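Visitor: Residues per chain are reported as follows:
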Amino acid sequence: MLCKKRTIIIQPVGIRCNLACKYCYHGKREISTKTVISEEVLQQIYRQSAEIAENVTFLWHGGEPLLAGIDFFERALDLQRSVRFIGRVRNTIQTNGTLIDEEWTKLFVRRQMGVSISIDGPKELHDINRVDFAGCGSFDRVIQAIRFLHSGGKTHIGSVVLVTKTNVAYPDEVYRALKNSGLSSCAFHFCSETNDGISHLIPTIEEGIRFFRRVFDLWMRDDDPSFRVRNFLNVLRVLYGGQPLDCASLYGSCHRFVGINNLGDVYFCHRLATRSEFRLGNILEKPLAQILSDAKPLYAEANNIPNECFSCEWFPACGGGCPYERLMAGGSFNTRHPECELKVNLFSYIKKYVGK
Amino acid sequence: MSKILKSVKETVEKEKLISASANVQSDCSSSCSDDAYCDDYSDSYSDDGDND
Numbered sequence: 002m003l004c005k006k007r008t009i010i011i012q013p014v015g016i017r018c019n020l021a022c023k024y025c026y027h028g029k030r031e032i033s034t035k036t037v038i039s040e041e042v043l044q045q046i047y048r049q050s051a052e053i054a055e056n057v058t059f060l061w062h063g064g065e066p067l068l069a070g071i072d073f074f075e076r077a078l079d080l081q082r083s084v085r086f087i088g089r090v091r092n093t094i095q096t097n098g099t100l101i102d103e104e105w106t107k108l109f110v111r112r113q114m115g116v117s118i119s120i121d122g123p124k125e126l127h128d129i130n131r132v133d134f135a136g137c138g139s140f141d142r143v144i145q146a147i148r149f150l151h152s153g154g155k156t157h158i159g160s161v162v163l164v165t166k167t168n169v170a171y172p173d174e175v176y177r178a179l180k181n182s183g184l185s186s187c188a189f190h191f192c193s194e195t196n197d198g199i200s201h202l203i204p205t206i207e208e209g210i211r212f213f214r215r216v217f218d219l220w221m222r223d224d225d226p227s228f229r230v231r232n233f234l235n236v237l238r239v240l241y242g243g244q245p246l247d248c249a250s251l252y253g254s255c256h257r258f259v260g261i262n263n264l265g266d267v268y269f270c271h272r273l274a275t276r277s278e279f280r281l282g283n284i285l286e287k288p289l290a291q292i293l294s295d296a297k298p299l300y301a302e303a304n305n306i307p308n309e310c311f312s313c314e315w316f317p318a319c320g321g322g323c324p325y326e327r328l329m330a331g332g333s334f335n336t337r338h339p340e341c342e343l344k345v346n347l348f349s350y351i352k353k354y355v356g357k
Numbered sequence: 067m068s069k070i071l072k073s074v075k076e077t078v079e080k081e082k083l084i085s086a087s088a089n090v091q092s093d094c095s096s097s098c099s100d101d102a103y104c105d106d107y108s109d110s111y112s113d114d115g116d117n118d
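In the order they appear, the protein sequences are chains U and W. When you line the first sequence up against the numbering used here, it's residues 2 to 357, in that order. When you line the second sequence up against the numbering used here, it's residues 67 to 118, in that order.
In case anyone wonders, no lab produced these hints; they're calculated from the structure. Keep in mind that a hint or two might mislead.
In silico DSS-like links for lysine-lysine, alpha-carbon gap of 25 Å or less [what the hints assert, rightly or not]: (1) U:K352 with W:K72; (2) W:K69 with U:K107; (3) U:K287 with U:K297; (4) U:K124 with U:K180.
These numbers were taken from a predicted model, which means no experiment stands behind them.
Isolated chain W (complex conformation) (with noise of 0.2 Å):
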């Protein structure tokens, strides 16, 4: 498997861990229920190449 592909897998799969053991509560609008799971998620009009 090439490193980038490697690379994907494994922040992939941490953030799935650090998801499930944080027991996050969100107490906004329904379609924010996923917060916990996208939290580097970023603006598509900028790039500060730090976000993970």
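Just chain U, same shape as in the assembly (with noise of 0.2 Å):
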């Protein structure tokens, strides 16, 4: 069961966040419950990721990963390296910024750890929706984490956005605000998932086409390689005969994507953590390659695409599209993908672009 690479994307303190963000994924979330993830959780994370994967990157997500507090992290750091990995070990973090301050900005810098910031755009497209539970808006926290992070040494700093009927018709706006504030890369989302009572935030397709299509031309017209936007990179790698860069455009790679919670829950996705269903057991209770080796039948399932995907002209570069959205989407994960005509639309426009 030793593959090469493995993602585990550790949740420290559940989904448990600071943010009441309108689109949350995760819904309601357990604010009473703040459990950390425990140093006996942790070890078994770590060692039991060596022996699965030659080299592991750990993606510490959330809720927001930053509420259990420097002194955590520098000891879950420390007892990383009590564990022996064959290859590369990576740490990375999923945040929503509004912690980050000098101290923070430290551990990342001196620990080697990449940062990924979720953004909407500007001020007054990103205040809309991520908001805190008194309905404050968190853009200034964001650009100040930015430049905590800058002026401390911190050149690598990538961004999530996710594109809703709020943002979708501002791409100019949007672009424009992910450059100035000084991050090198980002990654679009298209809201398209079915929680209850975000219907009214899901753009339509042709207004994504619209805003992707635009995104696209104001990349190329900035002709900048050190801003990089992922959407765009992995039509790009597919056209030049590579692979796409994300788990959700490459068929069959979930399982290299390993989610467990604060109380060592695993999960076939970290975006499936809310849903017992897709939880395939307890690190504490049964060894992890076990618990994945068990979960190949689901696994399967979700690699279960509608037919016409398997020759559709863009399958290198969309892989039948995530599992988790496709659920969402439609009950099953046999289900086209929500954003189908979308990515052949857009994969079409930057074919042509390339072809020029």
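Hints in hand, dock the two standalone chains.
Guide: This is the structure:
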């Protein structure tokens, strides 16, 4: 069961968060649950990860992982050093950025942690949905965080941007905000989930096509390779004979990503961490390798995509799309990805550009 | 050719060369057999700006 590389997505505080973003895929958070992952669970995660992959990336996710605190991360990363891995170990964090200050920056730089921040564009767009529990926007705190990171010597800062009804009509503003804030890369996610109460935030496919085409044009016009837009890089890489960069576009790659929450519960995907039917087991009760082996039928089920996907010209760049998103859209994995039409349109647009 | 396209093309070509010479063995499930070729993939719901 030894793979060359696996990503272990750890939720050190579960899905607890200090923000109450209006579209959060975790829905209502367990605010009262304040359990931080124990050293016992961490030790097992490290030891058992070393047994299933040569190279391991630990992606600290949430909720908001920084709620675990600086002291926790110092101890957690020290503990990691006590385990012998075959190959490379990386640590990276996905954060809303609001808690980052000089001390956090020092930790990220000293520990060589990758940082990715969630941001939805300029303040007037970001602050509509990315709010705290008092309803206050988080943009100013995010920009302050980026400043701390820059001044502390963190040169590579990634970002995740959710494209919603709120910002879809403003591609220029969103793109410029990302570039002007000094981020070095971004990955756009199209809001297409069906959580209760967010249907009004889901853009139409036509709006999505206009947004992505415009952002691609802006990116090409800037022609700055130091600013990476992963959605477009995925397609360009395929057009030049390579593979996409992310799990959602690589068919059959779910097994390389393991989600583990603060209690040691192992999930098929961290995005499904609130759904008990996708809990594969607990790392304190069963070896991780066994948990993953037992889950092979589920992984096979997730690979069950509509037959027409396999003959699609864009299968190498799409892979059928994220199983989680297919499941949420249609109730089963064997569902055409909700952004299929958008992707085909955008990919063809990019291909045409490259062929010029 | 634009700087972005040139950069992507060169990166992919370099990866192919590394992959061809790596002779990496993988003994996990068959769907994992292309691991040597895609060492830089990452989770879709994070982007640390530093993955290649």
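Visitor: Sort out which numbered hints this structure fails and list those numbers smallest first.
Guide: 2
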